[in-house]
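*Asks:* What follows is the residue order along each chain.
Protein chains: 2
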Amino acid sequence: MAEQKKLVEEITSMEEDFAQWYTDIVKKAELIDYATVKGCMVIKPAGYALWENIQRELDARFKATGVENVYMPLFIPESLLQKEKDHVEGFAPEVAWVTHGGLEPLQERLCVRPTSETLFCDHYKDVIHSWRDLPKLYNQWCSVVRWEKTTRPFLRSREFLWQEGHTAHATKEDAEERTIQMLNLYADFCEEVLAIPVIKGRKTDKEKFAGAEATYTIEALMHDGKALQSGTSHYFGDGFARAFGIQYSDKDNQLQYVHQTSWGMSTRIIGGIIMVHGDDSGLKLPPRIAPTQLMIIPIAANKEGVTEKAHELCDLLKAAGVRVKIDETDKRPGFKFSEQEMRGIPLRLEVGPKDIEAGKCVLVRRDTGEKLEASFEGLEQKVTELLDTIQTDMLEAARAHVATHTYKAKDYDEFCDLINNKPGFVKAMWCGDRACEDKIKEDTTATSRCMPFEQEKIADVCVCCGKPANKMVYWGKAY
Amino acid sequence: MAEQKKLVEEITSMEEDFAQWYTDIVKKAELIDYATVKGCMVIKPAGYALWENIQRELDARFKATGVENVYMPLFIPESLLQKEKDHVEGFAPEVAWVTHGGLEPLQERLCVRPTSETLFCDHYKDVIHSWRDLPKLYNQWCSVVRWEKTTRPFLRSREFLWQEGHTAHATKEDAEERTIQMLNLYADFCEEVLAIPVIKGRKTDKEKFAGAEATYTIEALMHDGKALQSGTSHYFGDGFARAFGIQYSDKDNQLQYVHQTSWGMSTRIIGGIIMVHGDDSGLKLPPRIAPTQLMIIPIAANKEGVTEKAHELCDLLKAAGVRVKIDETDKRPGFKFSEQEMRGIPLRLEVGPKDIEAGKCVLVRRDTGEKLEASFEGLEQKVTELLDTIQTDMLEAARAHVATHTYKAKDYDEFCDLINNKPGFVKAMWCGDRACEDKIKEDTTATSRCMPFEQEKIADVCVCCGKPANKMVYWGKAY
Chain A
1 MAEQKKLVEE
11 ITSMEEDFAQ
21 WYTDIVKKAE
31 LIDYATVKGC
41 MVIKPAGYAL
51 WENIQRELDA
61 RFKATGVENV
71 YMPLFIPESL
81 LQKEKDHVEG
91 FAPEVAWVTH
101 GGLEPLQERL
111 CVRPTSETLF
121 CDHYKDVIHS
131 WRDLPKLYNQ
141 WCSVVRWEKT
151 TRPFLRSREF
161 LWQEGHTAHA
171 TKEDAEERTI
181 QMLNLYADFC
191 EEVLAIPVIK
201 GRKTDKEKFA
211 GAEATYTIEA
221 LMHDGKALQS
231 GTSHYFGDGF
241 ARAFGIQYSD
251 KDNQLQYVHQ
261 TSWGMSTRII
271 GGIIMVHGDD
281 SGLKLPPRIA
291 PTQLMIIPIA
301 ANKEGVTEKA
311 HELCDLLKAA
321 GVRVKIDETD
331 KRPGFKFSEQ
341 EMRGIPLRLE
351 VGPKDIEAGK
361 CVLVRRDTGE
371 KLEASFEGLE
381 QKVTELLDTI
391 QTDMLEAARA
401 HVATHTYKAK
411 DYDEFCDLIN
421 NKPGFVKAMW
431 CGDRACEDKI
441 KEDTTATSRC
451 MPFEQEKIAD
461 VCVCCGKPAN
471 KMVYWGKAY
Chain B
1 MAEQKKLVEE
11 ITSMEEDFAQ
21 WYTDIVKKAE
31 LIDYATVKGC
41 MVIKPAGYAL
51 WENIQRELDA
61 RFKATGVENV
71 YMPLFIPESL
81 LQKEKDHVEG
91 FAPEVAWVTH
101 GGLEPLQERL
111 CVRPTSETLF
121 CDHYKDVIHS
131 WRDLPKLYNQ
141 WCSVVRWEKT
151 TRPFLRSREF
161 LWQEGHTAHA
171 TKEDAEERTI
181 QMLNLYADFC
191 EEVLAIPVIK
201 GRKTDKEKFA
211 GAEATYTIEA
221 LMHDGKALQS
231 GTSHYFGDGF
241 ARAFGIQYSD
251 KDNQLQYVHQ
261 TSWGMSTRII
271 GGIIMVHGDD
281 SGLKLPPRIA
291 PTQLMIIPIA
301 ANKEGVTEKA
311 HELCDLLKAA
321 GVRVKIDETD
331 KRPGFKFSEQ
341 EMRGIPLRLE
351 VGPKDIEAGK
361 CVLVRRDTGE
371 KLEASFEGLE
381 QKVTELLDTI
391 QTDMLEAARA
401 HVATHTYKAK
411 DYDEFCDLIN
421 NKPGFVKAMW
431 CGDRACEDKI
441 KEDTTATSRC
451 MPFEQEKIAD
461 VCVCCGKPAN
471 KMVYWGKAY
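Residue numbers (the working numbering), protein chains in the order written: chain A, 1 to 479; chain B, 1 to 479.
Incorrect hints may appear among the rest.
Said to hold, decoys possible - Once the Cα atoms are required to be at most 25 Å apart in a straight line, the calculated SDA-like pairs of lysine to any residue come out as:
| no. | chain 1 | residue 1 | chain 2 | residue 2 |
| --- | --- | --- | --- | --- |
| 1 | B | Lys149 | A | Lys38 |
| 2 | A | Lys63 | B | Leu106 |
| 3 | B | Lys206 | B | Arg242 |
| 4 | A | Lys63 | B | Pro105 |
| 5 | A | Lys149 | B | Pro105 |
| 6 | B | Lys318 | A | Lys331 |
| 7 | B | Lys408 | B | Pro423 |
| 8 | A | Lys28 | B | Gln20 |
| 9 | A | Lys149 | A | Gly432 |
| 10 | A | Lys27 | B | Pro105 |
| 11 | A | Lys149 | B | Glu52 |
| 12 | B | Lys331 | A | Trp131 |
| 13 | A | Lys318 | B | Asp24 |
| 14 | A | Lys208 | A | Thr444 |
| 15 | B | Lys38 | B | Gln20 |
| 16 | B | Lys226 | B | Thr171 |
| 17 | B | Lys38 | A | Ser79 |
| 18 | A | Lys85 | B | Pro105 |
| 19 | A | Lys83 | B | Gln20 |
| 20 | A | Lys38 | B | Thr99 |
| 21 | B | Lys251 | A | Ala301 |
| 22 | A | Lys125 | B | Asp24 |
| 23 | A | Lys28 | B | Ser249 |
| 24 | A | Lys38 | B | Leu106 |
| 25 | B | Lys331 | A | Tyr248 |
| 26 | B | Lys125 | A | Asp33 |
| 27 | A | Lys331 | B | Glu52 |
| 28 | B | Lys325 | A | Lys85 |
| 29 | B | Lys408 | B | Ser375 |
| 30 | A | Lys318 | B | Arg242 |
| 31 | B | Lys200 | B | Arg56 |
| 32 | A | Lys251 | B | Arg332 |
| 33 | A | Lys63 | B | Lys125 |
| 34 | B | Lys63 | A | Ala46 |
| 35 | A | Lys149 | B | Lys408 |
| 36 | B | Lys208 | B | Ser249 |
| 37 | A | Lys325 | B | Arg61 |
| 38 | A | Lys38 | B | Ser249 |
No wet-lab data here; the hints were simulated from the structure. This structure is a prediction, so every number in the text was calculated from the model and none was measured.
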């Protein structure tokens, strides 16, 4: 138990210092390492396997809605980035510039893509001619670069991995429908696969994407009561189409501008998984996203039959579709338990000589710590059911956390008191005036997270200025 | 038929101008589009779907040998690139340099990775301490940038997609074994999945990778008789380990340097698929890599029951695991036939009112043009078998092409005559002297492709200088 303690002692407790806890987990669970380039990450096997599972799940969902994958260049010429005014203003201050190719200076600077709207538009103007060419439903998986001043693993890094979908439609309605469809897809994915409940809503103009007519978001609540913007879907109207000249002939042979959307989810969501589910023993992964769902730890592996039994159970569970591994290193069982907990593997199976004699093994749930005896007979069914239960219970626990950390404020005193003293979301009315958003941010550092689809009438007046208000907003401090 | 002719007429014939034929296919089969940035590609859905299939197949084969995926940063600080002398000399002249982040100049220039040996080594020196940490078997899927002067879609572009595996081992023997294991993996993948036969061998010192002790290669022969280096596997010895200080304590507690390998395959191989299999009607994809294996084309789709039957067959084939689509556009059948041929879809299924009455449909093979009647009864089995047959026949056809385009030369006159007049490989003896390689390149533009594992004694003396020689080399003009 000394070893077990030691591994855990190396993690700062959540209550003591949440930020340090997060950094400790990211390192101790071997998700990333820092790279020589400031603000860039080395994503290690355990972290990348998580991303691969996220990719596989999301990609299948995208394709089921008709999306096709493509790959656009890494570089955007400066003149191309400048074509849409709002967009360039939003991104130019934080891009990395390539000025030399080989030994020679370039004639025009190229930025490393911070996002690829301009590249997709430049392509769409060449390939969209007729209504028959629509819709275009393209997506790409890639890395993007934003030269951030302060960085944190997964949450804010100078380079991160993501997918960016870019679609072009014949009508405003089609584009708006796709914008909401993808937001819903992200929300379903977060709840069903990551066990992360989210609030769906629309961003205020202050918070929307550079160049968008409307930005929709899913907002998740972390364990420390801070919000994480977890995925966004943007409706562009025909703004980019006009800037880039993307037109098609409709069925009456009239030239029309296309209507566009874009939507993205990134490795940032891995930060969300850590901060929604993790605890002082480490990472806690929902079974549906966990690269390893069950770790078999043989007890007294040197005793006759133990290793054989471990392998037999491993094969049995593998055949039942469980992602299973055996820890056969020469470490002590206590240390292996701690490692499995640190890495967030949802289930542990302990099997030793006495268990084998009794025809059973011990299963330990990572989410609750509960120990269960399970007979070898029907083990695969038991494990499969238990993984489903853990998945459901983790979502319920996360939902309960959101419920107990969501408050309502009717006036500004109450609002400031809650925002400053009760970590979580505060629901309050807003008049729609940017000045109130600015004041709230200045007074409290909180921002409007979204105007949720599910509206509720908290009061008749704006929580900030007292003028009539009919929009309910989720406010919170955010990552 | 006029429309059909038109589509095909837009392609230059292979005999007339192979380079133009290649460019036409790449565009007409909608694999890529040119981007605004010179030398960069927009990989379109049909091209990217091919890459996804290549990724899926290779990735599964890598993982079966214990490889884990990771992600390293896009940028390499100049000082890090310079750590291994041969390596930096090889790559520095062709990298893109980032000099500004946001509005400020960087303190140190960063190059956009042309390959990531230096990043992996920088990471390995931090995470490898003990013999227990070995081997490290890492791979990453990413894009890399090399500032090439002349570019061609897939074959040579400034940015391309690839995977790069980087491994670290306790011993020279382990590293050498992994180097050959991965070369064999690439060769098997090319033959089994892409139906591309390859020559396996070792590169001469002149042609090896910058920083490697030995480079192994698989070389494929294109339809025009030129060679394509299709995948490489490098053995580094402890050169990088010494430059970066990657050491581990062995079981006797002695510090040792690790031995390393790297190996890669890129989107270049898509150029190989085009040039090995394509013909004057377009692309020709082996079934195992084809994103769509069978295209159903309804004839007289307006007649009762035709569309329904097409969908019924589609569902039936899908359930049998066939990647199938229906062309339901309002184009004429002849045009659809040409499109399916242009895109290289291995099988076409034609079904019209008369067929339905007779309880059968027509299958047309893309590789041979052969038409076969097939009854609806047992269609899924027939199609599955036919796809296997096409796969086998395409590999056999490609093998026959290599066999009839591989020559032997005993003396220099014969060698030059063959190299200049008979497109293909020329097998000839080499003394091992770089001067002979240089002379051959200067006289003929041909290069040594590899010293094949399967050696053969063509003569006793070097084909160039006449001195005693015991190495047989494959020579050829290459992409």
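*Asks:* Does each hint fit the structure? Answer for all of them.
*Replies:* Do the hints match the structure? See the list:
1. Simply put, Lys149(B) and Lys38(A) have alpha-carbon atoms about 31 Å apart, too far for the 25 Å limit, and the pair is violated.
2. Taken as a hint, the Lys63(A) and Leu106(B) pair is broken in the structure, with Cα atoms around 40 Å apart against an allowance of 25 Å.
3. Of the supplied pair hints, the one linking Lys206(B) and Arg242(B) holds, its CA atoms being roughly 23 Å apart against a limit of 25 Å.
4. For the proposed pair Lys63(A) and Pro105(B), the alpha carbon gap of about 41 Å is over 25 Å, so the pair is violated.
5. The straight-line distance between the Cα atoms of Lys149(A) and Pro105(B) is roughly 14 Å, inside the 25 Å bound, and the hint therefore holds.
6. For the given pair, Lys318(B) sits about 48 Å from Lys331(A) by alpha-carbon distance, which is inconsistent with the 25 Å threshold.
7. Annotation: proposed proximity of Lys408(B) to Pro423(B) holds, straight-line Cα distance about 13 Å (limit 25 Å).
8. This hinted pair does not check out: Lys28(A) and Gln20(B) have alpha carbons roughly 55 Å apart, beyond 25 Å.
9. Taken as a hint, the Lys149(A) and Gly432(A) pair is broken in the structure, with Cα atoms around 31 Å apart against an allowance of 25 Å.
10. With a CA separation close to 31 Å, the supplied pair Lys27(A) and Pro105(B) exceeds the 25 Å bound.
11. Pair hint Lys149(A) plus Glu52(B) does not hold up; C-alpha atoms about 35 Å apart against a cutoff of 25 Å.
12. For the suggested pair Lys331(B) and Trp131(A), the alpha carbons sit about 15 Å apart, so the restraint of at most 25 Å is met.
13. Distance hint between Lys318(A) and Asp24(B) is unfulfilled; the C-alpha atoms sit about 48 Å from each other, more than 25 Å.
14. Between Lys208(A) and Thr444(A) the CA atoms are separated by roughly 20 Å; this keeps the pair inside 25 Å, and the hint holds.
15. The straight-line distance between the Cα atoms of Lys38(B) and Gln20(B) is roughly 19 Å, inside the 25 Å bound, and the hint therefore holds.
16. Using a Cα cut-off of 25 Å, the hinted pair Lys226(B) and Thr171(B) is violated, with the two alpha carbons roughly 38 Å apart.
17. Restraint check for Lys38(B) and Ser79(A): the C-alpha separation of about 14 Å stays at or below 25 Å, so the hint holds.
18. Among the hinted pairs, Lys85(A) with Pro105(B) is consistent with the structure: their alpha-carbon atoms are about 24 Å apart, no more than 25 Å.
19. Distance restraint check for Lys83(A) and Gln20(B): the Cα-Cα separation of roughly 33 Å exceeds the 25 Å cut-off, and the hinted pair is therefore not satisfied.
20. For the given pair, Lys38(A) sits about 14 Å from Thr99(B) by alpha-carbon distance, which is consistent with the 25 Å threshold.
21. Taking the CA atoms of Lys251(B) and Ala301(A), the gap is about 22 Å. The hint holds against a cut of 25 Å.
22. This hinted pair checks out: Lys125(A) and Asp24(B) have alpha carbons roughly 21 Å apart, not beyond 25 Å.
23. With a CA separation close to 22 Å, the supplied pair Lys28(A) and Ser249(B) stays within the 25 Å bound.
24. This hinted pair checks out: Lys38(A) and Leu106(B) have alpha carbons roughly 11 Å apart, not beyond 25 Å.
25. Between Lys331(B) and Tyr248(A), the direct Cα distance comes to roughly 19 Å. Compliance with the 25 Å bound is thereby established for this hinted pair.
26. Straight-line distance between C-alpha atoms of Lys125(B) and Asp33(A) comes to about 12 Å, which keeps the hinted pair within the 25 Å bound.
27. Between Lys331(A) and Glu52(B) the CA atoms are separated by roughly 39 Å; this puts the pair beyond 25 Å, and the hint is violated.
28. This hinted pair does not check out: Lys325(B) and Lys85(A) have alpha carbons roughly 42 Å apart, beyond 25 Å.
29. A hinted pair counts as satisfied when its Cα atoms are at most 25 Å apart, and Lys408(B) with Ser375(B) does not qualify at roughly 49 Å.
30. Between Lys318(A) and Arg242(B) the alpha-carbon distance is near 41 Å, which puts this suggested pair outside the 25 Å criterion.
31. Pair hint Lys200(B) plus Arg56(B) holds up; C-alpha atoms about 23 Å apart against a cutoff of 25 Å.
32. Between Lys251(A) and Arg332(B) the CA atoms are separated by roughly 19 Å; this keeps the pair inside 25 Å, and the hint holds.
33. Proximity of Lys63(A) to Lys125(B) is assessed by CA-CA distance (about 41 Å); at most 25 Å being required, the pair is judged violated.
34. Among the hinted pairs, Lys63(B) with Ala46(A) is consistent with the structure: their alpha-carbon atoms are about 14 Å apart, no more than 25 Å.
35. At most 25 Å may separate the alpha-carbon atoms for a hinted pair to count; Lys149(A) and Lys408(B) exceed this at roughly 62 Å.
36. Only pairs whose Cα atoms come within 25 Å are accepted, and Lys208(B) paired with Ser249(B) is rejected, the gap being roughly 31 Å.
37. In summary, the hint linking Lys325(A) to Arg61(B) is supported, as the alpha carbons are separated by about 19 Å, within the 25 Å threshold.
38. Taking the CA atoms of Lys38(A) and Ser249(B), the gap is near 30 Å; set against the 25 Å cutoff, the hint is violated.
Violation of the numbered hints given earlier is confined to hints 1, 2, 4, 6, 8, 9, 10, 11, 13, 16, 19, 27, 28, 29, 30, 33, 35, 36 and 38; the remaining hints are satisfied by the structure.
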